[in-house]
Every structure is written in structure tokens, then in C-alpha cells.
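Colleague: Construct the complete structure from the given sequences, taking the supplied hints into account.
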Amino acid sequence: MTQARGIGRAEILRLAAMLVLVVAAPTVGDIGSCGEAPADLDAAAFFREKAAVDCARCEECGFSTAACARACDPMQPAQSFPEGCYPIVHDGDVCLRALEAASCDTYASFVADQGSTISTECNFCPPEAKP
Numbered sequence: 150m151t152q153a154r155g156i157g158r159a160e161i162l163r164l165a166a167m168l169v170l171v172v173a174a175p176t177v178g179d180i181g182s183c184g185e186a187p188a189d190l191d192a193a194a195f196f197r198e199k200a201a202v203d204c205a206r207c208e209e210c211g212f213s214t215a216a217c218a219r220a221c222d223p224m225q226p227a228q229s230f231p232e233g234c235y236p237i238v239h240d241g242d243v244c245l246r247a248l249e250a251a252s253c254d255t256y257a258s259f260v261a262d263q264g265s266t267i268s269t270e271c272n273f274c275p276p277e278a279k280p
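Numbering of the sequence shown is given in this note's numbering, commencing with residue 150 and proceeding in unit increments.
These aren't lab readings, by the way, just hints derived from the structure by calculation.
None of these values were measured; they are calculated from a predicted model.
Beta carbons are placed, not taken as given, at the ideal position from N, Cα and C, and that holds for glycine.
Beta-carbon label-pair distances, calculated as ranges:
no.	residue 1	residue 2	range
1	162	201	54 to 64 Å
2	253	219	12 to 22 Å
3	231	165	45 to 55 Å
4	198	255	12 to 22 Å
5	233	265	20 to 30 Å
6	231	167	40 to 50 Å
7	167	188	33 to 43 Å
Modeller: Right, here's the structure in full:
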């Protein structure tokens with residue numbers, strides 16, 4: 150004969166603890182943000198830093214294109230993002246890290262005089278995404 154056994158107190162506590170762990174988990178996007186709102190990327194500061202990275206990479210890889218000359222020109226006028234484009238600080242950080250990590254072969258396409266491309270990490274506001 151088998152006796153039907155009810156759910157014990159220990160099993161209920163274990164189930165409750167598991168439920169708390171699953172339900173109390175952080176939501177997607179909360180990790181690392183400390184509940185702060187995303188900050189807009191300062192265009193002047195970003196383009197100044199990007200020019201410094203571009204100039205350093207041009208010198209490191211031995212490129213002498215017009216884009217490299219502009220990047221290394223301290224008198225380069227300030228740039229801004231296109232109208233309706235509002236990247237956040239995280240976007241700028243990801244872009245700069247991607248540029249620093251790119252190989253010279255890849256970087257050559259970013260600073261080419263003809264047919265230059267843009268790193269996908271730096272393409273904050275592609276024209277096809279505009280409303």
C-alpha cells in the first residue's frame with residue numbers, strides 16, 4: 150500500500166525561495182545602469198575623441214588620406230549629429246572601442262578617399278532609419 154503524501158513545509162519553503170529568486174531578478178537593461186536614465190552623447194566631445202582615435206590609427210597604420218588629414222588637424226571645425234539623431238553615451242563608448250580594436254585593413258575602409266565605410270558600431274543614425 151502506498152500512502153499519498155502531502156507537500157511538506159520544507160518543499161513549500163524551497164518553492165517560495167525559488168520563486169523569489171526568479172521574480173526578483175533584474176529586468177533587461179537594468180544591469181549596470183543603477184536605475185539612471187541614459188545620458189545623451191555630447192557631439193563636440195565625441196567627435197573630438199573620435200578625431201584623436203582616427204589620427205592615432207592613421208599614424209599607426211601609415212595612412213595618408215584626406216580623412217586622416219582632417220582627423221589630425223587641430224583646427225578642424227566642430228561636428229554635430231544629424232537632425233533627429235540622439236545617440237547616448239554608451240553608443241559613443243562602443244564606437245570608440247570598436248575603432249580602437251579594428252585592424253589596419255578594416256580601418257583603411259573607414260578613412261578611404263573614395264568609397265569609405267562606417268563602422269556599424271558608429272552608425273548611430275542611419276539615413277534609412279529616419280521617420
